[in-house]
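Chemist: What follows is each chain in one-letter form.
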Amino acid sequence: MVASQKDNSKVWQRRTTLQQYSVWLSWLIGLSIFTYCWQLISDKTIWMFVMDATTQASDLAERMIPPKWSYMANLWEPVWDTINIATLGTAIALVFAVPVAFCAARNTTPSVYFVRPIALFVIVSSRSINSLIWALMLVTIIGPGVLAGTVAIGLRSIGFCAKLLYEAIEEIDPSQVEAITATGASKGQQLIYGIVPQILPAFAGISVFRWDINIRESTVLGLVGAGGIGLQLDASISTLAWTQVSLILLVILGTVIVSEWVSARIRHSII
Amino acid sequence: MNTSKVQRVWKRPPLISNKLLRWSLWGGAAIYLSIALGTMDINWQRAAEGSSRGADFLGSFFPPDFSSRWDSIVDGILESLWMTVTSTVIGIILSVPVGLGAARNLSYKPVYYFCRGILAVSRTFPEVILAIFFVKLFGFGPFAGFLALSVGTIGFYGKLLAEDIEDMDPVQAEAIKATGAGWLQWLNYSVQPQVMPRMIGLGIYRLDINFRESAVVGIVGGGGIGATLLTSFDRYEFDSAAAILLIIIAFVMVMEYVSSYIRRWVQ
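Heads up: the sequence lines are chains A and B, in that order. Counting along the first sequence from 1, when you hit position 12 you're at 12 in this note's numbering, and nothing is skipped either side. Counting along the second sequence from 1, when you hit position 221 you're at 221 in this note's numbering, and nothing is skipped either side.
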């Protein structure tokens, strides 16, 4: 406990004086970094456009309401495509993520110095590039459409699934694996009977969690031509069909909420 | 003595113990897969044609060309970094009141539902869609991207803050209340110390996410490295694009390393 003397009585303090000063100093540094960055952004902004944003917003809202409900007939197929992109993309990702995760986990990797760094690099590079950028690349390579979107979602999800999965593998209870080894099991049998049952719940949880995220991400892939409801969104925005845009946004909202609900229910029943 | 022995073979218990549910899940998955693949309308011919050209495309990504558009790459990266810092700071500041309001053990029912509503809406839409609208409203440039990332941060950080407050130990909060602390003192001495270590870690994690997302908002006009990337794709300068992607990966790796270091240091 830290206390200072004041009028002959001790007053409780949370920090020592030195700690207090270092806290203030770090606030000062943080604040100056923030103001510096803000200044630079503000220099690049045309404030006149920002000022009339309220009129713009009310204008836009006026043009977006009411949503054009009849357009819904054209949207069922894109929604189905979007769900397919997310689901099949997740499936592709899981197929590749499992071996990568086993190579990356410290306790199952064939070689800590050679295989593990490669697996970790695969994970980082897949995670650091957003699915929209993957899609941008894939559209130029395999052409616009659902396939590019699916592969983009898959590539992006490998890293995420593999990372969570290898962390789960590293956290398993080693005594169970030891027990299986003591029965004379081979390496493969150790994997199947000792490790896999321990990570199976985590695996199911991860795949449902990622599926939920992928639904959200696949709604925008159409902006770069990779299929799904984003195509309709892009087309409607560029033709200034704002009543269609508002309907599409509502549909996206509905899809995301439903998928979130489904994934929460499934994860709840697993755990 | 009865010598006949019962043959018993051990089997691993399955993840889903209900047999009917298990098989219907497998069946459902198979049916879904066949329907989905049937309706996906993949132009295999185009894909096959592309794959021969795909090699050429991939070839044109190498070697990465850092030099010819170096100035605009530096510009874009810096802009992304500014956006990342400002949007994380502003987003977290704004998310604190929302998060406090969305914690069930802290706020009243109407406030709770209102704040949960804000969080749900700002989490639903991807940053890219938010950015499209902010670009329409506020014009091109980093300001629109900054706003989109801030709103995304509010949804992410506010929800986690609210959940963390709901999970806190009520005993400490009660102890502080018993000393006669006011509401703000109570917040400062009982709630804040309990949630702080995790929230600092999450703040740094969000900084990391915002940098990644800042590469994307540029595609719809929100400034940052994404704009540079899109330009190089549009000009078919794939070697510059490869350079930009490598730089993004390098930055993310560094940030991930730093953030894991700081998080370990905080906890």
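No wet-lab data here; the hints were simulated from the structure. Ideal Cβ positions, reconstructed from N, Cα and C, are used throughout, including at glycine. Incorrect hints may appear among the rest.
Here are some chain B residues the structure puts well away from chain A; computed CB gaps all over 10 Å [what the hints assert, rightly or not]:
| id | residue |
| --- | --- |
| 1 | Val9 |
| 2 | Tyr32 |
| 3 | Ala36 |
| 4 | Val85 |
| 5 | Ser107 |
| 6 | Arg116 |
| 7 | Lys136 |
| 8 | Glu163 |
| 9 | Lys177 |
| 10 | Pro197 |
| 11 | Ile204 |
| 12 | Arg212 |
| 13 | Met253 |
These stretches of chain B come out as covered by chain A in the derived footprint (C-beta under 8 Å, 3 or more residues) [what the hints assert, rightly or not]:
| id | stretch |
| --- | --- |
| 14 | 65-73 |
| 15 | 154-161 |
| 16 | 222-230 |
Chemist: Work down the list of hints and note, for each, if the structure agrees.
Modeler: Against the structure, the hints:
1. Val9: It holds; Val9 of chain B is separated from chain A by about 14 Å at its closest Cβ, greater than 10 Å.
2. Tyr32: Per Cβ check, Tyr32 of chain B is inside 10 Å of chain A; nearest 8 Å; violated.
3. Ala36: Answer for Ala36 of chain B: violated, closest chain A Cβ roughly 5 Å.
4. Val85: For Val85 of chain B, whose nearest Cβ neighbour in chain A is about 4 Å away, the distance does not exceed 10 Å, so it is violated.
5. Ser107: 22 Å, holds
6. Arg116: 13 Å, holds
7. Lys136: The claim breaks: Lys136 of chain B does not keep its Cβ more than 10 Å from every Cβ of chain A (closest is about 7 Å).
8. Glu163: 13 Å, holds
9. Lys177: 17 Å, holds
10. Pro197: 15 Å, holds
11. Ile204: Consistent with the label, Ile204 of chain B stays out of reach of chain A, its closest Cβ about 12 Å off (over 10 Å).
12. Arg212: 6 Å, violated
13. Met253: Since the minimum Cβ distance to chain A is about 5 Å, Met253 of chain B lies within 10 Å and the statement is violated.
14. 65-73: Not satisfied, violated; 0 residues make the cut.
15. 154-161: violated (count 0)
16. 222-230: holds (count 4)
In this structure, the hints that do not hold are numbers 2, 3, 4, 7, 12, 13, 14, 15, in rising order.
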